[in-house]
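Protein sequence lines correspond, in order, to chains A, B and C.
First residue of the first sequence? That's 30 in my numbering, and the numbers climb one at a time after it.
First residue of the second sequence? That's 30 in my numbering, and the numbers climb one at a time after it.
First residue of the third sequence? That's 30 in my numbering, and the numbers climb one at a time after it.
Check the hints yourself; a few may be wrong.
Copies of one chain are not kept apart here, so a pair can be met inside one copy or by any two copies together.
Straight-line distance between alpha carbons at most 25 angstroms, and here's what the computed SDA-like set of lysine to any residue pairs gives [claimed, not checked]:
hint, residue 1, residue 2
1, 60, 100
2, 60, 185
3, 60, 184
4, 60, 148
5, 60, 224
6, 60, 109
7, 60, 179
8, 60, 231
9, 60, 176
10, 60, 119
11, 60, 112
12, 60, 237
13, 60, 89
14, 60, 230
15, 60, 234
16, 60, 226
17, 60, 238
18, 60, 233
19, 60, 106
20, 60, 129
21, 60, 87
22, 60, 91
23, 60, 116
Hints are computed from structural coordinates only; laboratory data are not their basis.
Okay, here's what each chain looks like letter by letter:
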Amino acid sequence: MATWAEWLRIALEALATAAFALSGAMEAARKRLDAVGVCVVSCLAAFGGGTLRDLLLDQRPFFWVRHVELLWAVLGLCLLAMLFLRHRHFEPTERAIQWPDALGLGLFTAVGVDQALQNQLPVLVAVLMGVITGVFGGVLRDMVCNEIPTAFRDHRPYAVCAFAGGWAHVALVALGQGGTLALVACVLVTAGLRGLSLWRGWQIPGWRA
Amino acid sequence: MATWAEWLRIALEALATAAFALSGAMEAARKRLDAVGVCVVSCLAAFGGGTLRDLLLDQRPFFWVRHVELLWAVLGLCLLAMLFLRHRHFEPTERAIQWPDALGLGLFTAVGVDQALQNQLPVLVAVLMGVITGVFGGVLRDMVCNEIPTAFRDHRPYAVCAFAGGWAHVALVALGQGGTLALVACVLVTAGLRGLSLWRGWQIPGWRA
Amino acid sequence: MATWAEWLRIALEALATAAFALSGAMEAARKRLDAVGVCVVSCLAAFGGGTLRDLLLDQRPFFWVRHVELLWAVLGLCLLAMLFLRHRHFEPTERAIQWPDALGLGLFTAVGVDQALQNQLPVLVAVLMGVITGVFGGVLRDMVCNEIPTAFRDHRPYAVCAFAGGWAHVALVALGQGGTLALVACVLVTAGLRGLSLWRGWQIPGWRA
Chain A
30 MATWAEWLRI ALEALATAAF ALSGAMEAAR KRLDAVGVCV VSCLAAFGGG TLRDLLLDQR
90 PFFWVRHVEL LWAVLGLCLL AMLFLRHRHF EPTERAIQWP DALGLGLFTA VGVDQALQNQ
150 LPVLVAVLMG VITGVFGGVL RDMVCNEIPT AFRDHRPYAV CAFAGGWAHV ALVALGQGGT
210 LALVACVLVT AGLRGLSLWR GWQIPGWRA
Chain B
30 MATWAEWLRI ALEALATAAF ALSGAMEAAR KRLDAVGVCV VSCLAAFGGG TLRDLLLDQR
90 PFFWVRHVEL LWAVLGLCLL AMLFLRHRHF EPTERAIQWP DALGLGLFTA VGVDQALQNQ
150 LPVLVAVLMG VITGVFGGVL RDMVCNEIPT AFRDHRPYAV CAFAGGWAHV ALVALGQGGT
210 LALVACVLVT AGLRGLSLWR GWQIPGWRA
Chain C
30 MATWAEWLRI ALEALATAAF ALSGAMEAAR KRLDAVGVCV VSCLAAFGGG TLRDLLLDQR
90 PFFWVRHVEL LWAVLGLCLL AMLFLRHRHF EPTERAIQWP DALGLGLFTA VGVDQALQNQ
150 LPVLVAVLMG VITGVFGGVL RDMVCNEIPT AFRDHRPYAV CAFAGGWAHV ALVALGQGGT
210 LALVACVLVT AGLRGLSLWR GWQIPGWRA
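Please model the entire structure based on the sequences and the hints provided.
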């Protein structure tokens, strides 16, 4: 049973990492980067958020050092994408990866909140570490590609979903329901809100002129 | 007496942090970011310099983890600014925050130099850590907003004032006048030079063609 | 004999650091930054890659803290460049520094791989730490100047040469030929490939439309 849940978690994380990596590879392709740029931006999108969290929490080794097979997989995925994915496939691919991407936002947020709480950080900081883990891969991807990060300007809830999911996690831990239940709740709230907001076309407000 | 000075310091730091945070919120508004972007850029402007210093000095917990009320205050300030500040208020606001911003540059520089000296770093490195603490919040703010950092191209002395203030600090410590006196001197030299340069319209040179 | 090799290494590293710093100063000049911006971008180009490696490996003190004379030298070089280098000198200077730059890419890569291996990191991670040490100074330089990093889009092998050199280093260590031989091989492979690719005009592929 434990093994089965463990395998499910690994499969979901691999799927989410692939979605993040693909988003990076396609943005790099749009910006006409060369093969090196594609690999770097893809790795930044996939691993940037978790690496920034580990830097801030002063945790070593990084998760992509403990699981170096993830690095190999992302580099392999970049190679496959460069061989088989053409510009006309980008739009359908981006629509298809919206759902594993929402799942990844939830998973990475849950991991970030969990590790921050294990470091005895205040709850607001723990929630923000979750948001950073889920969102800053995409932020770094956009910054390297010389764009204002999409997460900060497209008015579609993304970081906000992770923020809500992080509070759900923290609330359950405060109620004594730590461990798996809090993790699952964080993933469901985050990914659920993200899915809902995509489906209903929710907008977050900007600055009124 | 000690308590009174302590309260003054806390009040000044809160004022300076608010000025930095407001500069971030207004730049985000100008770039038409959404509410998430406004909060992130504002936090980067307020906390980015000190966080980068703590990363470089390998210091944990970050000051915004020890004083998590600062994070709440900046998020609250963003909310208030989005509710009540309109684009037509930006120019007078920016003129008004020049002075607390100059003060903040001085305070943050002094803290940075002080912590670097406590880590037994060479004096040039200590001065640079002061400059990083005071200046790199604004640098990160501009980088996320996809601008060349203002501090590096507007020809108005800013980092240079922090550099001078840092040397004043280091000089007093070398003369055996550490502690409060060095901190106050650093603040006065930095903020004084910044005020003077704004008042007199001083320019720093660029590259001659 | 040991002393003679040591002196050669120090001279080569100083030459390479100067080439990296000059590339930063000239990019800053092209972007019309002021004197502060020139110094910052120059330091980022010279020290950014090694600093990012030390951050990721959690190594302190940074090499520019242990050798603070390097910082002084780069600041002095910026001053000299601003005094004596004119825009019409930029193109011949850039052609002249291609060769010390290729050497620097090799030296910095070798140091990065070596330090990662001493930290018992997996070989892929060690190679990537070498690449980061050699390449990310230029990446940070370009990001601060609001450009997509040249290393990711100019289709000329640069990071790829460091990648190959890193694998040569790792292979020799795996064969029991560690120490100086592996370092020298990494420098020769990296700098040699870079020189060859400049001479023959090699291109790395981009994304096929």
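Which constraints among the numbered hints does this structure fail? Numbers only, ascending. 4, 5, 13, 21 and 22
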